[in-house]
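Following the hints, put chain B in place on chain A, whose structure we already have.
Number of protein chains: 2
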Amino acid sequence: MADNQKEYYLGVDLGGTKILTGVFDTKFDLKGTSKLSTKAGRGVDAVIERIARGVKEAVDECDLSLSQVRGVGIGAPGAVDTETGKVIFAPNLPGWKDVPLKKELEKLLDVPVFLGNDCNVCTLGVFDQEFKAKPKHLVGIFIGTGIGGGLVVNGDLYCGHNLTAGEIGHMVIEVNGPKCGCGNRGCLEALASRTAIFRKIESAVKDGQETLLTDMLGKDLKDMRSGDLRKAIRRGDKFVAKVIEEAAEFAGIGVANLINILNPEIVVVGGGVIEALQDEMMPTLVKTAKDHVMSGTMSGIEIKASKLGDNAGITGAAVLARRGTA
Amino acid sequence: MADNQKEYYLGVDLGGTKILTGVFDTKFDLKGTSKLSTKAGRGVDAVIERIARGVKEAVDECDLSLSQVRGVGIGAPGAVDTETGKVIFAPNLPGWKDVPLKKELEKLLDVPVFLGNDCNVCTLGVFDQEFKAKPKHLVGIFIGTGIGGGLVVNGDLYCGHNLTAGEIGHMVIEVNGPKCGCGNRGCLEALASRTAIFRKIESAVKDGQETLLTDMLGKDLKDMRSGDLRKAIRRGDKFVAKVIEEAAEFAGIGVANLINILNPEIVVVGGGVIEALQDEMMPTLVKTAKDHVMSGTMSGIEIKASKLGDNAGITGAAVLARRGTA
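Just so you know, the sequences run in chain order A and B.
By numbering that gives the first Met the number 0, the letter at position 117 of the first sequence is numbered 116, and the numbering carries on one by one without gaps.
By numbering that gives the first Met the number 0, the letter at position 55 of the second sequence is numbered 54, and the numbering carries on one by one without gaps.
Extracted from the complex, chain A is given alone in its bound form (with noise of 0.2 Å):
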């Protein structure tokens, strides 16, 4: 088949715990979707399979085949090598450690495959979908299980000296701050990310702090998720309200640093944190940002939520997947 007739771009949003994966045509219309558990406890191998059996799905799904295919992207959770397609580390995926996950892929599909960090992807798909790619400088800030961001200087994605630029959950801005996961503290990760949310709320509750979730999920706060957060303020929980308000706060903070060093025209803040309480959080991170962003610098800079929500990933990665054939 000629190249001028593989009209579809397919994005994968490899995850922890799921692979999502989108078929886009060539004007970025989302024509299909799937879904599979990662099974990341099976192994490295099983876990490159399913992300084929996820694409081949995808592809179905829309009554395509693989050869109207003219590239796969996909955003992988860790420190990534863009240029041979490796993925290097990935901390929650157990056993990735120096994968040619590109070569495999390319094995198992005949398609060309690209390969970025999970945040960098999102940043990518937000900058050329939602901001059509008009700002020069834009920075991503997804807000989820952990925090990650991207970075777009000059209208590219910008990767660093090790391709790990971004790593911006990992600044830090509490010294002596709470624990985090990457052995630091007070990282920004540590104070505004889901798992630093719900560990303050669980640690309250077991301390004898009253809240509606408690009602609502029973004492063990059980399957709890971003979602029941907002359901608990806007039923009046003021408990919930201030550790939301707080993590706004650190939110903020973590803004007006990058808006400090790197200036860009937009920030935009992502993730399934800020879906789920977009207007419990964004007044009060927007606020707390320009309070600490240098007097007079913030000219006609915007901090925003995403529209893409948790299609930023398998967007993204479409978006590499046709910057990579072009």
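For the record, the hints were derived by calculation from the structure and aren't laboratory data.
Take the hints with a grain of salt, since some may be wrong.
Treat identical chains as interchangeable: a pair holds within one or across any two.
Stated by the list, open to error - Only pairs whose alpha carbons sit at most 20 Å apart, straight line, appear in this in silico EDC-like list of lysine to aspartate or glutamate:
hint	residue 1	residue 2
1	Lys135	Asp155
2	Lys289	Glu244
3	Lys178	Asp290
4	Lys5	Asp109
5	Lys135	Asp80
6	Lys199	Asp227
7	Lys135	Glu82
Fair warning: this is a prediction, and the values are worked out from it, not measured in the lab.
Relative to chain A, chain B alone:
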């Protein structure tokens, strides 16, 4: 005189207290300098005339004339518009708001003038002359009365949307930490600048802390300089050693944040405090930074003290002139 006979670049480092000017030949050998106090209190026009006088004195010192100068670069302490050549705002120069410095100086000197932010200009000087423009991405951080920085991305000075990128000193690293001149709390500048270090020492001495510094300078620590701290430490003053150790730790956390965000090839540390206390601060600064950078992302990245010292400003300003007239 033909342009190819205009064989000199001038670099001006405009500070709150002094105006330093350097004459460089096309090989960037420093042929001579002039130094004038700024006399900022005399107002904007008086300072502009003093800058012009400093330029003329430096040229005369080298037995040259202005007609042999290809361009003059200036680093100014504040927000500048590099395109129009205006100083937007300079916190340490009273009355400096929207000052068309380029235009005014070109009137007085009849030579092309190029303007940059002082820390950006220092970074450019270190990048171009100390590192021979080889690193792709470099971050400069300058610790003096305040703390400022500059970013080189893809071999070029990165200035951001409002041309104010690199405000590294106002990155919050200790929420609710000590008050900063900018009005916020816990900025790097409020923890690791000369001002922060001196304030800590003065306050401890008031509270009865014993230190060799009072033997050296008297009870009121009059005219204390960074070099005095070095002398006290080398004579065994454990209190001063501890204050400097803590400042180096804070600076190291700031450097780690920048590496986590930007993953540059080189972080170069300069400024008066580092020039005076390099041996005392750099080992702790580098160790703390490495301890706080995300595991596996530091490979090949160097953290170095600049060798240009106080000449970084005039060197960078002359590089600005060379790039502007190229």
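Handout entry: Hint numbers not upheld by this structure, sorted from lowest to highest
Key = The structure conflicts with no hint, since it agrees with every one listed earlier.
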